[in-house]
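Protein chains: 2
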Amino acid sequence: MQINENFLNLEQSYLFSTIAKKVNEFSANHQDAKIIKLGIGDVTLPLTKSVINAMTEAVLEMGNENTFRGYGPEQGYEFLKIAIKDYYSNKSVNLVADEIFVNDGAKSDLGNILDLFGPGTSLIPNPVYPAYLDTNIMAGRKINFLDGNESNNFLPMPEDGDGGDLIYLCSPNNPTGATYNRDQLKVWVDYATKNNSIILFDSAYECFVRDANLPTSIYEIEGAKSCAIEFCSFSKTAGFTGTRCGYTVVPHELLVNNIGLNKFWLRRQTTKFNGVPYIVQKAATAIFSKEGQEEVKANIDYYLENAQIIRKGFSELGFWLVGGDNSPYIWLKCGMDSWAFFDKLLNEAYVVGTPGVGFGTNGEGYFRISAFANRANVLEAISRIKAIF
Amino acid sequence: MQINENFLNLEQSYLFSTIAKKVNEFSANHQDAKIIKLGIGDVTLPLTKSVINAMTEAVLEMGNENTFRGYGPEQGYEFLKIAIKDYYSNKSVNLVADEIFVNDGAKSDLGNILDLFGPGTSLIPNPVYPAYLDTNIMAGRKINFLDGNESNNFLPMPEDGDGGDLIYLCSPNNPTGATYNRDQLKVWVDYATKNNSIILFDSAYECFVRDANLPTSIYEIEGAKSCAIEFCSFSKTAGFTGTRCGYTVVPHELLVNNIGLNKFWLRRQTTKFNGVPYIVQKAATAIFSKEGQEEVKANIDYYLENAQIIRKGFSELGFWLVGGDNSPYIWLKCGMDSWAFFDKLLNEAYVVGTPGVGFGTNGEGYFRISAFANRANVLEAISRIKAIF
Chain A
18 MQINENFLNL EQSYLFSTIA KKVNEFSANH QDAKIIKLGI GDVTLPLTKS
68 VINAMTEAVL EMGNENTFRG YGPEQGYEFL KIAIKDYYSN KSVNLVADEI
118 FVNDGAKSDL GNILDLFGPG TSLIPNPVYP AYLDTNIMAG RKINFLDGNE
168 SNNFLPMPED GDGGDLIYLC SPNNPTGATY NRDQLKVWVD YATKNNSIIL
218 FDSAYECFVR DANLPTSIYE IEGAKSCAIE FCSFSKTAGF TGTRCGYTVV
268 PHELLVNNIG LNKFWLRRQT TKFNGVPYIV QKAATAIFSK EGQEEVKANI
318 DYYLENAQII RKGFSELGFW LVGGDNSPYI WLKCGMDSWA FFDKLLNEAY
368 VVGTPGVGFG TNGEGYFRIS AFANRANVLE AISRIKAIF
Chain B
18 MQINENFLNL EQSYLFSTIA KKVNEFSANH QDAKIIKLGI GDVTLPLTKS
68 VINAMTEAVL EMGNENTFRG YGPEQGYEFL KIAIKDYYSN KSVNLVADEI
118 FVNDGAKSDL GNILDLFGPG TSLIPNPVYP AYLDTNIMAG RKINFLDGNE
168 SNNFLPMPED GDGGDLIYLC SPNNPTGATY NRDQLKVWVD YATKNNSIIL
218 FDSAYECFVR DANLPTSIYE IEGAKSCAIE FCSFSKTAGF TGTRCGYTVV
268 PHELLVNNIG LNKFWLRRQT TKFNGVPYIV QKAATAIFSK EGQEEVKANI
318 DYYLENAQII RKGFSELGFW LVGGDNSPYI WLKCGMDSWA FFDKLLNEAY
368 VVGTPGVGFG TNGEGYFRIS AFANRANVLE AISRIKAIF
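Protein sequences appear in the order of chains A and B.
Residue numbers for the first sequence follow this note's numbering, so the first one is 18 and each next one is one higher.
Residue numbers for the second sequence follow this note's numbering, so the first one is 18 and each next one is one higher.
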């Protein structure tokens, strides 16, 4: 009996457990301190009215024998795939419905997609969302890092000799909030095309982009359909972190040795996945109604206004930073190591953020602040931070 | 760029698409024929009252900022895990909550579990639920078949030289409806223990067992906790085929080379899965309330009564069969090849079932009838079938 020994190469992630431990200890010793959490990337606003109404209606359908739904298509109901397809049309990206695979959130498919590939090398940014790295380690793939740093605004570009047949890009980025422009993504698409690599493009934060010059889908870039898979999610768009729905786009043009990956992915999904709950797919479809889109925009406006308050506060204090303009995350240079900055904010301002080093070695000396929070708390946090610097 | 070439070894499954095509052609040519479908293993009764009430309440919580839930624990909320743990206590199986991993249905985890293992050989019954076979082919594992046939009542037992470090057992079985007794499972547990194999036990149909002498969990068998992983689902129990929830049990006693698989699976799930929707977990918890259990029992009684009608009908016609007494499936010997029997039933009785050969070579000459149907349709189907034999 052989276990998958690649698991033994995983490092234990103590990031969020260490944060929790430190916060708990501080609370125990400072019972009157009102701690403000700007750490975790989880939404705080409830599901919107359109979504709740659609879900309520779907629950009633499920309780009635005439409208009850059993197994749905593994790849998602046509009504949701059409709504997503139409959403892409508005970005001038033309998809066909069977290029869209509805899933239970981007995290699952970002890991599961590796089922389609043999051994090889992945090109992964540093710093990075830890799941990219860990899923590659589990699959036993070789990893080359892309160097994100202050000089490239944490938007690394390809360099000769980078190697890598799978390239992970996330824009707007988690954890840095930095966003690639069209020219930069065109360089990446050309690089992938030339090297027969595939870009795995994580667009989970696309709805935070408000600069019309910035792309919100890799498919806005010419040539991307034959070299990129896109992963998106309703988690941050519409508050679905606890409701679980997203989608993966695998274009028909995407071929490896003349084999269409769309067909491979369909086979993978029909064999190892049984679709997303009907009620959740109805709820997700409501996001794309006129009212749904207005509600979602209002929620994202709220988070982006939080982000502006955070950006302004730290900028006025002279911190170097990126993100926060087309993203819910602000990534700032601490002027000390990441954990020292964490301790200072917690102990002196009662504010919790995320040490950048938790996202990779290149995050050392940096810090992530999340705009997913209540407005009054954001204002109070910035006011306290201003008082300690 | 290497694709996973194991995918090229998958056979296209034409079973259900061929059935659909034949049914569509027949319908087009016989527009007045009222076709009765006893083919697909999908439930027909709606979600029960307790489940609908719990879900409605949870939807309201998600729309209110004070009760809204974002990310939950990847392995499931404590309230559901405790309910499942208590359910096992009633079978005299003692689990701890963190041995239970809530998922979006047994199919996902039955495939995903292979992430934990290196290369090896799987022992898979023939006939079988096709997903076991296909996920093993995708993972590039060697496959040895277990010979299910009339002489062992489609309940194959281990034989010397079978080999296999992973052993797939499903009881009550899909597609045959046959159910292992305690003595038989004890032989399997002893065999796995002796050979350092792991049993992957699919108990998705456990709630159909009405014979108190038959086990409903592998953990009722002494020694199973150190050699078995159990996969269960609310799909058939409580009509969750379109609502998606189940669970996997990985006992702490289960070690490979002194490595605990529970910890490995936790790492896999926290990295590649983000949990089941809160509303669905609340709904699943309602299944375990007193009312929920009564409702579920009533629904299963209904399906089991259908199964008795089907058993009786075919038995009176002299067909050899198994299943249907502690299972929703009846597996019968056609007296002709599987597809000829399918055509006869469709053309002469307007009844649709599933050709056994679609589940493996040993299914040739057999046929699966599903009891998931409306009572009047079941009675009518049997009456028509009696008229043609």
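Certain hints may be false.
Calculated lysine to any residue pairs in the SDA-like style (CA-CA distance at most 20 Å, straight line) [as the list claims (entries may be wrong)]:
hint	chain 1	residue 1	chain 2	residue 2
1	B	LYS280	A	SER30
2	B	LYS280	A	LEU27
3	A	LYS280	B	LEU25
4	A	LYS280	B	GLN29
5	A	LYS211	B	HIS47
6	B	LYS211	A	ILE20
7	A	LYS280	B	PHE406
8	A	LYS314	B	GLU82
9	B	LYS280	A	PHE85
10	B	LYS66	A	LYS211
11	B	LYS280	A	ASN166
12	A	LYS66	B	PHE85
13	A	LYS159	B	LYS211
14	A	LYS280	B	GLU82
15	A	LYS66	B	THR73
16	A	LYS203	A	LYS159
17	B	LYS314	A	ASN107
18	B	LYS54	A	TYR31
19	A	LYS280	B	GLU42
20	B	LYS54	A	THR73
21	A	LYS280	B	LYS211
22	A	LYS280	B	PRO147
23	A	LYS159	B	MET18
FYI, nobody ran anything at the bench for these hints, they're computed from the structure.
A quick look at each hint next to the structure:
1. Between the alpha carbons of LYS280 of chain B and SER30 of chain A the distance comes to roughly 13 Å, so the proposed pair stays at or under 20 Å and holds.
2. Only pairs whose Cα atoms come within 20 Å are accepted, and LYS280 of chain B paired with LEU27 of chain A is accepted, the gap being roughly 12 Å.
3. Distance check on the hinted pair: LYS280 of chain A and LEU25 of chain B sit about 11 Å apart at the alpha-carbon level, within 20 Å; holds.
4. Of the pairs offered as hints, the one joining LYS280 of chain A and GLN29 of chain B holds, with about 11 Å between alpha carbons and a cut-off of 20 Å not exceeded.
5. At most 20 Å may separate the alpha-carbon atoms for a hinted pair to count; LYS211 of chain A and HIS47 of chain B exceed this at roughly 56 Å.
6. Distance check on the hinted pair: LYS211 of chain B and ILE20 of chain A sit about 18 Å apart at the alpha-carbon level, within 20 Å; holds.
7. Restraint check for LYS280 of chain A and PHE406 of chain B: the C-alpha separation of about 43 Å exceeds 20 Å, so the hint is violated.
8. Restraint check for LYS314 of chain A and GLU82 of chain B: satisfied, since their Cα atoms lie roughly 17 Å apart, inside the 20 Å limit.
9. Annotation: proposed proximity of LYS280 of chain B to PHE85 of chain A is violated, straight-line Cα distance about 38 Å (limit 20 Å).
10. At roughly 58 Å between alpha-carbon atoms, LYS66 of chain B and LYS211 of chain A are farther apart than 20 Å, so this suggested pair is violated.
11. With a C-alpha separation of about 35 Å, the suggested pair LYS280 of chain B and ASN166 of chain A falls outside the 20 Å cut-off, and the hint is violated.
12. For the hint pairing LYS66 of chain A with PHE85 of chain B, the CA-to-CA distance comes to about 13 Å; that is within 20 Å, so the pair holds.
13. At roughly 37 Å between alpha-carbon atoms, LYS159 of chain A and LYS211 of chain B are farther apart than 20 Å, so this suggested pair is violated.
14. About 42 Å separates the Cα atoms of LYS280 of chain A and GLU82 of chain B, which puts this hinted pair outside 20 Å; it is violated.
15. With a C-alpha separation of about 14 Å, the suggested pairing of LYS66 of chain A with THR73 of chain B holds against the 20 Å cut-off.
16. For a cut-off of 20 Å, the pair hint linking LYS203 of chain A to LYS159 of chain A is broken: about 25 Å separates their Cα positions.
17. For the hint linking LYS314 of chain B to ASN107 of chain A, the alpha-carbon distance of about 49 Å lies beyond 20 Å, and the restraint is violated.
18. For a cut-off of 20 Å, the pair hint linking LYS54 of chain B to TYR31 of chain A is broken: about 53 Å separates their Cα positions.
19. Straight-line distance between C-alpha atoms of LYS280 of chain A and GLU42 of chain B comes to about 26 Å, which puts the hinted pair past the 20 Å bound.
20. Among the hinted pairs, LYS54 of chain B with THR73 of chain A is inconsistent with the structure: their alpha-carbon atoms are about 30 Å apart, more than 20 Å.
21. Taking the CA atoms of LYS280 of chain A and LYS211 of chain B, the gap is about 41 Å. The hint is violated against a cut of 20 Å.
22. This hinted pair checks out: LYS280 of chain A and PRO147 of chain B have alpha carbons roughly 18 Å apart, not beyond 20 Å.
23. Note on LYS159 of chain A and MET18 of chain B: the hinted pairing holds, with a Cα-Cα distance of about 13 Å set against a maximum of 20 Å.
Hints 5, 7, 9, 10, 11, 13, 14, 16, 17, 18, 19, 20 and 21, counting from the list given before, are not met by this structure.
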